[in-house]
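*Asks:* Here is what each chain is made of, one letter per residue.
4 protein chains.
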Amino acid sequence: MGVYGRVGDMAENATPVRGYSASREQLRRRLARIQGQVGGIAKMVEEDRYCIDILTQVAAIQAALDKVALGLLDGHAHTCVIGAEPGQQDARTEEMMAAVGRLLRHG
Amino acid sequence: MGVYGRVGDMAENATPVRGYSASREQLRRRLARIQGQVGGIAKMVEEDRYCIDILTQVAAIQAALDKVALGLLDGHAHTCVIGAEPGQQDARTEEMMAAVGRLLRHG
Amino acid sequence: MGVYGRVGDMAENATPVRGYSASREQLRRRLARIQGQVGGIAKMVEEDRYCIDILTQVAAIQAALDKVALGLLDGHAHTCVIGAEPGQQDARTEEMMAAVGRLLRHG
Amino acid sequence: MGVYGRVGDMAENATPVRGYSASREQLRRRLARIQGQVGGIAKMVEEDRYCIDILTQVAAIQAALDKVALGLLDGHAHTCVIGAEPGQQDARTEEMMAAVGRLLRHG
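Residue numbers (our numbering), protein chains in the order written: chain X, 1 to 107; chain Z, 1 to 107; chain U, 1 to 107; chain V, 1 to 107.
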């Protein structure tokens with residue numbers, strides 16, 4: 001129930017959210033699927049599968065992780081930035097931008 | 001003066017911003033520098049320079065564009081999301097996430 | 001023993017490789033570590049950890065996957081491109097570039 | 001005429017290339033177009049255009065730069081890696097992988 005984002009951070013009047021946000025349950029399912037995909041790659045390596053096919057799977061996992069990241073960012077923006085006390089919104093936005101920067105250059 | 005972001009979108013009490021935000025003047029300078037870097041690559045191609053050295057410049061331009069994007073996103077978050085009327089904040093956040101998604105996969 | 005890459009693709013005189021290439025054992029270890037990192041994120045979600053800290057982990061996994069991809073690409077370049085019969089080298093190079101393109105835009 | 005790549009690096013029997021490779025003329029045109037796109041963004045900033053629309057253009061330029069990079073990489077693979085003297089092929093491959101790594105994390 002509800003978008004992922006720490007409830008304690010939400011101001012009283014935070015509006016319900018949609019869009020990119022993911023519920024805890026959706027995140028759990030996506031992460032379980034990604035773990036399975038990584039395991040699938042390990043199996044492909046074991047079975048001596050063609051490098052190019054393995055690389056296609058790596059790119060697919062990176063796309064799935066982008067989706068997880070967007071879901072987390074969106075929940076964060078709604079609950080922890082917009083929903084924060086006014087005095088904290090700017091600091092929270094900076095933190096969020098630093099996170100986007102790390103996603104753009106992979107760490 | 002001030003972070004880039006359309007002034008008309010700012011609510012009365014929008015707080016002054018820092019961090020990743022870029023002023024119009026900083027954006028102008030960064031974009032002029034990037035244009036120069038792209039021209040530099042064109043010149044390297046003309047002069048038959050080593051492909052790997054040209055690729056290093058391409059990666060540098062992409063990093064500079066990431067910085068431009070972060071500056072625009074940060075200004076947007078402060079003025080057009082946090083600074084928006086409460087009824088518009090969620091729609092603005094979704095727009096922002098769609099933009100982050102396009103940056104992660106380059107269009 | 002040896003870099004990952006299908007042995008059957010190697011021409012007689014393929015030279016020993018170094019650099020970014022990863023052995024099957026290194027790939028196995030890296031993939032096991034990545035699976036653990038994804039599980040760690042699932043646990044962070046369960047424990048209601050701060051979104052930004054989770055996003056930092058997502059970026060770290062993306063970086064680890066880049067490293068796996070570079071290892072596979074390098075092995076591929078050495079064994080399946082350079083090591084291929086001359087008549088196949090161009091087709092193999094195109095395949096490799098398509099794979100790099102997918103990595104750049106995540107699928 | 002011919003794919004971009006330093007001619008002096010080609011071994012006698014290098015095969016003609018296709019695919020992602022770009023001729024010097026194609027590279028010149030693509031880079032001129034990218035310079036125009038960067039100038040277009042500068043104009044959008046001047047005209048106070050909506051941040052999200054500017055960010056869409058930034059993502060489009062990143063995609064165009066990816067295409068330039070793939071063209072250069074492909075030309076490099078054909079002429080400077082496959083086409084190199086056998087004793088140089090491994091060193092050239094390592095250089096190419098380092099370049100791919102820089103493209104993946106933008107510098």
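By construction, these hints were calculated from the structure, which means they are not laboratory data.
Since this is a predicted model, take the numbers as computed values, not measurements.
Worth double-checking, as some hints may not be accurate.
The list cannot tell twin chains apart, which means a pair is met if one copy fits it or any two copies do.
Said to hold, decoys possible - When the alpha-carbon atoms are kept at most 20 angstroms apart in a straight line, the in silico EDC-like pairs for lysine to aspartate or glutamate are as follows:
hint, residue 1, residue 2
1, Lys43, Glu85
2, Lys43, Glu94
3, Lys67, Asp48
4, Lys67, Glu25
5, Lys67, Glu85
6, Lys67, Glu46
7, Lys43, Glu25
8, Lys43, Asp53
*Asks:* If you test the structure against every hint from before, which numbers come out violated?
*Replies:* 1, 2, 5
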